[in-house]
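Using the sequences and the accompanying hints, generate a full structural model.
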Amino acid sequence: MRKIRSTLITAATWVLVAIFFFPIAWMVFTSLKTEGDAASIPPKFIAALSFDQYAIVFNRGMGSYLLNSLTASVGSTLLVLLLAIPAAYALSIRPIKRVQDVLFFFISTRFLPAAASILPVFFILKTIGALDNITALGLLYAAMNLPIAVWMMRSFFNEVPLEIVEAAQIDGANLRTELVRVVLPILLPGIAAVALICFIFSWNEYFLATLLTTFQARTTPPFLASFVDGRGQFLAVLSAASTLAVLPVIIAGWVAQKQLVRGLAMGAVK
Amino acid sequence: MTTTIEVPTATQVHRATQAGIAHKKKARASRALVLPALVFSVILTQVPFLVTIYFSLLNWNQLRPSEIKFAWFKNYAVVFTGPDFLPSLFATVVITGSSVILSLLLGLFFAVLLDRKFVGRGLARTLMITPFLVMPAAAALIWKWSLLDVNVGMVNWALHLVGLSAIAWNTDLPVVTIIMMLTWQYTPFMMLILLAGLQSQSREVLEAASVDGAGPWRTFQWMTLPHLRQYIEIATLLGSIMLLQAFDPIAIMTKGTGGTKTLSYLLYERAFIGLDVGQAAAFGVVTVAVTIGVATIALRTLFKVFINGGER
Amino acid sequence: MLVKKRLLILGAGLVVTTLALSGCAGAGAKSQSVTLTLATVNNPQMKDMEQLKGTFEKENPGIKVNFVQMEEGDLRAAVTADVASGAGQYDVVTVGAYEVPQWGAQGWLKDLTSTLKNDKSYDVGDILPPVRDALSVDGKQYAVPFYGESSILMYNKEMFANAGLTISDHPTWQEVAADAKILNTADHAGICLRGKPGWGDLFAPLTTVVQTFGGAWYDSKWKAQVNSPAFVEGVNFYVDLLKTAGEKDPVSNSFTECLNQLSAGKVAMWYDASVAASILEDPKTSKVAGKMGYVHAPVYKTKESGWLWSWNLAVPKTSKNADAAEKFVKWATSKDYQQLVGKTLGWTRVPPGARTSTYSIPEYKEAAKAFAPITLDVMNSVNPKQPGLKPQPWVGIQYVTIPEFQDVGNQVAQLVADAIAGRTTVKEALDKGQVIAQAAGDKQK
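Residue numbers (the UniProt record's numbering), protein chains in the order written: chain A, 1 to 270; chain B, 1 to 312; chain C, 1 to 445.
These are computed hints drawn from the structure, not numbers from a lab.
There may be inaccurate statements among the hints.
[Claimed, not checked] Here are the computed distance ranges between Cβ atoms for each label pair:
(1) V42/B with K221/C: 31 to 39 Å
(2) Q199/B with I56/A: 41 to 49 Å
(3) I4/A with F109/B: 20 to 28 Å
(4) F109/B with K258/A: 20 to 28 Å
(5) H170/C with G163/B: 53 to 61 Å
[What the hints assert, rightly or not] With a Cα cut of at most 27 Å, we get these calculated DSSO-like pairs of lysine-lysine:
(6) K301/C with K223/C
(7) K301/C with K243/C
(8) K223/C with K74/B
(9) K74/B with K320/C
(10) K258/A with K117/B
(11) K320/C with K157/C
(12) K69/B with K443/C
(13) K335/C with K301/C
(14) K58/C with K69/B
(15) K140/C with K443/C
(16) K3/A with K117/B
(17) K44/A with K369/C
(18) K44/A with K287/C
(19) K44/A with K221/C
(20) K157/C with K126/A
(21) K445/C with K140/C
(22) K445/C with K390/C
(23) K69/B with K223/C
(24) K335/C with K117/C
(25) K221/C with K126/A
(26) K126/A with K317/C
(27) K120/C with K140/C
(28) K120/C with K327/C
(29) K74/B with K327/C
(30) K64/C with K120/C
(31) K126/A with K69/B
(32) K74/B with K432/C
(33) K223/C with K303/C
(34) K330/C with K320/C
(35) K140/C with K58/C
(36) K74/B with K443/C
(37) K44/A with K317/C
(38) K126/A with K223/C
(39) K445/C with K69/B
(40) K317/C with K110/C
Nothing here was measured: the structure is a model prediction, and the numbers come from that model.
Where is the CB? At the ideal position from N, CA and C, for every residue including glycine.
Shown next as structure tokens:
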């Protein structure tokens, strides 16, 4: 009885997971079809498959957009970690006045809708001559992700037993070794989780990239949107471009999945 | 800052004495550690916000550059007396609120299912988190064209298989359409955090409970849920912040009709369709004020974890 | 303190590295030659242009052209912000017929009149007169059309024959509605009409319907007419037609969506842009190639009712490479370019509706015989100065040439979409729309 029930639950789980994953599977499948088959009514489950759409995508220069995305995402993620780790450490372990206020400030910077701040940002960047600049875009992404990173990192630090830190201090270790030798190793899964989340948000950012870059610094999401054809069939080629655009994040997510869950489990709350 | 009177625990007392000795020196070091992040945040988010406040006081349409002038609070008058703000606030509450609650419930459900040991659990988890990784703009397009399209869409095709007639999603159920798509995208995120919570539960305690004769539902209700509380709070907070900004599905599918004109879409419309820089800025400032107000209340009452976590 | 120092060094290092990297990328592109940045909309004709840009680069050594393609809404947002602020990031911009006269009057676009006139081989007089009129302010031409279109009624001849129906060359909306109801079956819808809320989506065809019903957005004194009886009657007719014989889920649908349904043989009639015909006649993507008929836009109280639209190339005043940019604009809209498209990509893909001479190219006439004559005929017979029954204080058919219109059009379209879904009545929606339109009208006085 118990075994049958368990099997049934497993089967149900798989069905539900399949439903959730279906849109993505269908996207990949569509990317391998011809435009005609992709738009066919009723939908085609059997179709001639090819990588033609991928060739089209690369011929239009997807490579340089992917490279820009990578630069902006990796650069901003590194910068975020660099700023967030010491800040979170101080907020968690060291005595500091108005901890709540500082934390709340970090969180509240996320509340301004992008559409409201984008024109001021546009005019500021125009004034300092930093439009279409990958560094500027990366810095903005870092600012966008810093609040969540500080906040998550602080939770991870809270998980470090105070005794370990104190033991290190009694041993005469100074602040630097305390941070690097004792605390960081315990934190690595948490850092991985934060890095991954920052990377995902930067990689997927669309709005700022569309308005603040033109060609040199253009990233993948606005390029992707250019496959939506105002005048014709585009489902297959759009699916191919989407699949390529999503692939790096999905692979990163899949590889780091254990870190992600472990990181969140350890540090999501005290 | 609120002052709460708490009975200090042994560690806190110990810590307070310790801290007392080198307090000043340490505080200085701490400030030095927080400062770079703080300065960076202030420069990159608060300077644009100050410029936004300044813009909100201007009469400025992008296509009438000769008529830019200082207008005091005229734009704010438009926000508060015009017909746009309240319905949009309402739409935001409905769409964000429903999506958060639904994805939280579904996320909890999936977390429990995927916490079990079964064949291919790793693969199932991997597939399950993917919707969160997909670029929102791409996800919205795939939903519009491959899933919800009344002729080619797989959802309507599936409805047809079970004998139901096709649904004109964007025409008849625009709000449901947006909530459905956002829930699909955010369920994995909620699941991930809650799964983390489930895994941090001590197995021994659960096994002890089951030996004591508590059924699985009772164990879940009395032990797991209280344990998950903090995780649920975090998932809700992070989820709300991100869902408040949701824009792509509305821009791609419903274009703000039928109660889907959320604040983030309204702001876009004012800035880039209305081309009214001043009005867009005023809407933005008010939106921030309202969100911070709601968030403050929420953080200080509902989300105790945030407060308590602050002082350890 | 040490930590801080280290952080600073690391941070500085990171910034310097990224700056250096981006610097390298910039330097590589700039060396000697001119690089043009072109912003354009993601339509097939523009993609063809990108594919053929190599020919221009070969003919003009030292000039490189980078294409930035965007979805229509993003293009408007990005280019407007750039041009209005004088940021000067783009050397060539793709601008709709709605914006050209407004931007030209603002002095944001380079006046191309003399450059075009002085170049005999360009033959500026060959550009279709109504299109050229729409791009000129006080005799100065600020842009050149890359392609143009009007709106026509497209119908599936097979379905008409099966139902025993015929259609005249100049049908009325009442005839079309009656036919649509007969042709509306479980297998295919009677007619496809745009319902996606947007001034350029729903309100492009709907404004022409309103006009032929005797309505208009504004009277000659900028008084809004949105809840006037004629406007309400026109919108009511459109909404009723959608409800009784239209496609399913109209709010999702604009040009592309209807095109897909037509190509799959799921709809009997379609009132939309004439440029659709060339795609419907392509057997590679369309199941109805060779089965379609094309007639003038349906009318009621006016003689013609087609709209007029063009996507145009213009050079912003802020461009740092204006000479090279003008060269490219002329090349992409020249007679030679049309030959190039025809010979390398196929004659049906020649950008339509911009030059009169296009319609006398023998190969094009042969390849596009199903829709070329009617396109030219309609485009020359519509009147953008007075499309409706009464005079109007702006030039333009399916739009009002004021900055506020896209906002007004969008908001009223959202309200009408509610009426299409049955959440409100047309009258209620238009009463609210009247207030929005009047506020914009007040600013014109």
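request  = Could you work out which earlier hints the structure fails to respect and list their numbers in ascending sequence?
outcome  = 1, 5, 9, 11, 13, 14, 17, 19, 20, 25, 29, 35, 37 and 38
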